[in-house]
Amino acid sequence: MPDVDLLPLALPPRWKGVHNYLVDGAGVDDVARATVRALAQTLRDVHGAPRLCEIAEQMRLAAHAAEYELDLGLSSPTVCRPRGDDIPTMIAEQVASSLLATRRAELALAMPEQALQTLALELVREFARHYGFDRIAVLLLRDPQEHPVELAARIDLALKHPMVATLAKHFAGNPTAKNLRAPSRPGSSSSISLDADLETFG
Amino acid sequence: MNEATATYWPAGPHQPCEPLQWGTDLRLDDRRAVGRLDLPDLAADLLEVATAIYATDRLVPRGPWRRRGYGDAWRRSLRVRIPVRSSRLWHDVRPHLTAMLSWLTDDVWTLEFAAGQGPLAKQQPLLPLSPSEVDVLLFSGGLDSTAGLAGDLSGAARDIIAVSVYTNSRMQARQREILGVLSRTAHRRALPVQYKVQLRRKEREDSQRSRGFLFLAAGVASAWALRRDRLRVHENGIGAINLPYLRSQVGSQATRAVHPRTVTMMEQLARQLSGRPFTIETPHLAMTKAELVLACPAVADGALGLSISCDYGFATRIPKTLACGACTSCLLRRQALHAARRSDLDRGYRANELVEEDRDGLNAMLWQLGRLRRCLGRSDAWGGLLAEFPQVVCASPRLGPESLTRLYRAYVDEWEDLPPLFGISQSAHVPAPREGGSANAL
Chain H
1 MPDVDLLPLA LPPRWKGVHN YLVDGAGVDD VARATVRALA QTLRDVHGAP RLCEIAEQMR
61 LAAHAAEYEL DLGLSSPTVC RPRGDDIPTM IAEQVASSLL ATRRAELALA MPEQALQTLA
121 LELVREFARH YGFDRIAVLL LRDPQEHPVE LAARIDLALK HPMVATLAKH FAGNPTAKNL
181 RAPSRPGSSS SISLDADLET FG
Chain Z
1 MNEATATYWP AGPHQPCEPL QWGTDLRLDD RRAVGRLDLP DLAADLLEVA TAIYATDRLV
61 PRGPWRRRGY GDAWRRSLRV RIPVRSSRLW HDVRPHLTAM LSWLTDDVWT LEFAAGQGPL
121 AKQQPLLPLS PSEVDVLLFS GGLDSTAGLA GDLSGAARDI IAVSVYTNSR MQARQREILG
181 VLSRTAHRRA LPVQYKVQLR RKEREDSQRS RGFLFLAAGV ASAWALRRDR LRVHENGIGA
241 INLPYLRSQV GSQATRAVHP RTVTMMEQLA RQLSGRPFTI ETPHLAMTKA ELVLACPAVA
301 DGALGLSISC DYGFATRIPK TLACGACTSC LLRRQALHAA RRSDLDRGYR ANELVEEDRD
361 GLNAMLWQLG RLRRCLGRSD AWGGLLAEFP QVVCASPRLG PESLTRLYRA YVDEWEDLPP
421 LFGISQSAHV PAPREGGSAN AL
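Each protein sequence line maps, in turn, to chains H and Z. When we follow the numbering used here, the leftmost residue of the first sequence carries the number 1, and every step to the right adds one. When we follow the numbering used here, the leftmost residue of the second sequence carries the number 1, and every step to the right adds one.
None of these hints come from the bench; they were simulated from the model. Careful, some of the hints might be misleading.
[Claimed, not checked] Here are the in silico distance ranges between beta carbons for each label pair:
#: 1; chain 1: H; residue 1: Asp156; chain 2: Z; residue 2: Ala11; range: 54 to 60 Å
#: 2; chain 1: Z; residue 1: Arg271; chain 2: H; residue 2: Gly25; range: 27 to 33 Å
#: 3; chain 1: Z; residue 1: Asp229; chain 2: H; residue 2: Glu113; range: 28 to 34 Å
[Claimed, not checked] With a cut-off of at most 20 Å between alpha-carbon atoms, the simulated DMTMM-like pairs for lysine to aspartate or glutamate come out as follows:
#: 4; chain 1: H; residue 1: Lys160; chain 2: H; residue 2: Asp30
#: 5; chain 1: H; residue 1: Lys16; chain 2: Z; residue 2: Asp360
#: 6; chain 1: H; residue 1: Lys160; chain 2: H; residue 2: Asp143
#: 7; chain 1: H; residue 1: Lys16; chain 2: H; residue 2: Asp30
#: 8; chain 1: H; residue 1: Lys169; chain 2: H; residue 2: Asp24
#: 9; chain 1: H; residue 1: Lys160; chain 2: Z; residue 2: Glu388
Predicted model, so just to flag it, every value in this text is computed and none were measured. Backbone N, C-alpha and C define an ideal beta-carbon position, used for all residues, glycine too.
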């Protein structure tokens with residue numbers, strides 16, 4: 001019983017720059033810098049996720065109560081999302097559900113600010129994939145020489161860059177993303193491990 | 001006063017309305033049904049409600065195409081008023097039906113019911129069937145329902161009523177042809193009950209996300225007419241759950257026509273309406289499409305070859321038009337046939353080789369495949385699946401974490417042998433290294 005799946009591939013203008021860097025085989029610093037610029041623009045355009053703090057606290061409390069699933073409109077068949085509940089909020093809810101599924105024990109011990117920072121970081125990365133990288137990937141894979149596993153690794157590196165973590169920190173303090181700007185280039189890009197994200201949060 | 005005309009609001013719930021005249025604007029016809037059923041009032045209401053909703057869905061356009069890609073122009077506010085024989089009953093189920101339609105279409109629905117009735121009239125059945133003699137099955141003419149029906153027929157103790165909805169004569173003819181072939185190879189008959197739904201106005205929206213409701217409604221209504229309390233729906237788990245290929249897909253942009261939650265909600269609607277138990281069986285939900293094909297008896301190969309899986313195959317309405325071979329539905333079919341070692345049936349496409357401009361569907365599938373491979377490689381595979389595809393939680397009430405994890409592992413494994421089929425370089429399929437569990441610490 002097939003129905004046509006819609007595959008959104010249109011790239012917002014700023015993301016075309018990220019696409020071009022990836023096509024040109026640019027280094028991780030350049031890709032990350034283009035990414036945070038595109039992300040900041042995207043966050044401003046969609047007015048951020050105004051309910052970010054509320055969702056983070058819901059997530060933390062659900063983890064504390066040992067609720068395996070967070071009922072954020074995904075698990076209940078009767079939930080009818082009201083019109084105007086925008087796409088960024090929906091994405092934020094999904095990211096919160098994912099975090100709860102995978103890092104519940106850690107979230108249960110987290111302070112509210114830590115939970116917010118964690119959600120903000122994962123959300124910024126998810127925005128990057130939603131508005132940018134997943135669309136870019138399909139376009140790049142039109143070239144038979146492009147390698148999906150390598151491409152995924154390059155994208156992961158860019159998203160683990162400290163500049164992305166810094167942007168997420170700013171976003172956590174400014175959920176509506178008003179006047180949100182991309183962070184300036186860091187002096188060093190050597191610390192791109194997973195833990196580096198959290199070091200950035202201090 | 002009894003009403004006989006449905007009404008819809010083409011420009012929004014607070015703008016002027018337009019009539020949907022049965023027979024003139026919209027046709028719902030069961031005259032072609034071999035077993036022409038004596039539909040009870042409730043069944044007739046259900047079919048007419050589903051048809052009016054489907055018509056509204058097709059007549060009101062979503063936002064500009066480009067903006068749909070960002071999600072914000074995808075949703076609509078739709079209002080429709082439908083005459084029914086039991087308006088109080090429909091008023092009672094309205095919250096549930098509204099929630100189901102919102103899940104299926106991503107739209108906000110305002111449903112109104114008035115006393116009246118549509119075009120379906122009481123009639124004497126042409127082919128009387130007693131309830132103990134038949135099973136009822138939903139049949140679209142696609143690979144899954146054909147393979148499922150063939151499997152059911154091979155061990156059937158009763159004849160099977162195959163319920164279809166068709167919107168053009170090509171679809172009707174192909175469904176009949178497949179049923180004929182299957183009946184010739186089985187001890188029992190597959191009898192068609194086909195409903196013709198025809199919109200006689202220019203369709204302004206082609207996403208038709210309410211079509212799944214129309215198909216299921218036809219199945220439930222037919223089962224009620226035959227005094228059966230169950231309906232079988234054959235659909236593989238990968239296609240039914242239909243996880244988004246890309247993160248940029250929001251909500252029902254990845255269609256949910258036979259999603260486990262849709263099936264559960266339809267069961268609940270049938271129970272609420274009738275006040276009696278009703279079960280929709282989905283026997284292949286835990287299987288991949290290839291596993292479904294493998295379970296199909298070899299004598300059904302002729303029928304499998306006639307089935308059409310293409311998103312555009314029936315929609316063209318042009319005789320002898322071939323399936324595209326490149327849409328995600330065609331690609332899943334082709335992947336399944338090869339993985340099931342039935343590559344001889346992988347034919348009849350406009351182009352067997354994918355050219356560059358046809359590869360976006362395949363690239364999206366490969367991208368999803370890479371994500372699946374990565375998350376299933378984690379020590380906590382279910383946690384990984386939930387983290388990468390939170391939408392999978394919607395299927396978990398009907399299919400547990402273990403079954404879902406096995407399903408997606410099997411699907412990923414099936415792709416390993418397929419790269420040459422689609423001209424993919426083998427190196428693109430090198431499995432990603434296994435990750436550990438949760439790496440981050442707060």
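Status of each hint after checking the structure:
1. Between aspartate 156 of chain H and alanine 11 of chain Z the Cβ separation comes to about 46 Å, which falls outside the hinted range of 54 to 60 Å.
2. At about 58 Å, the beta-carbon gap between arginine 271 of chain Z and glycine 25 of chain H misses the expected band of 27 to 33 Å.
3. Range check, aspartate 229 of chain Z to glutamate 113 of chain H: about 54 Å between beta-carbon atoms, so the 28 to 34 Å window is missed.
4. Distance restraint check for lysine 160 of chain H and aspartate 30 of chain H: the Cα-Cα separation of roughly 13 Å lies within the 20 Å cut-off, and the hinted pair is therefore satisfied.
5. A C-alpha spacing of about 18 Å is found between lysine 16 of chain H and aspartate 360 of chain Z, which places the hinted pair at or below 20 Å, so the restraint holds.
6. Only pairs whose Cα atoms come within 20 Å are accepted, and lysine 160 of chain H paired with aspartate 143 of chain H is rejected, the gap being roughly 26 Å.
7. Our distance criterion of 20 Å between C-alpha atoms is met by lysine 16 of chain H and aspartate 30 of chain H, whose separation comes to about 14 Å.
8. For the hint pairing lysine 169 of chain H with aspartate 24 of chain H, the CA-to-CA distance comes to about 30 Å; that exceeds 20 Å, so the pair is violated.
9. Our distance criterion of 20 Å between C-alpha atoms is met by lysine 160 of chain H and glutamate 388 of chain Z, whose separation comes to about 16 Å.
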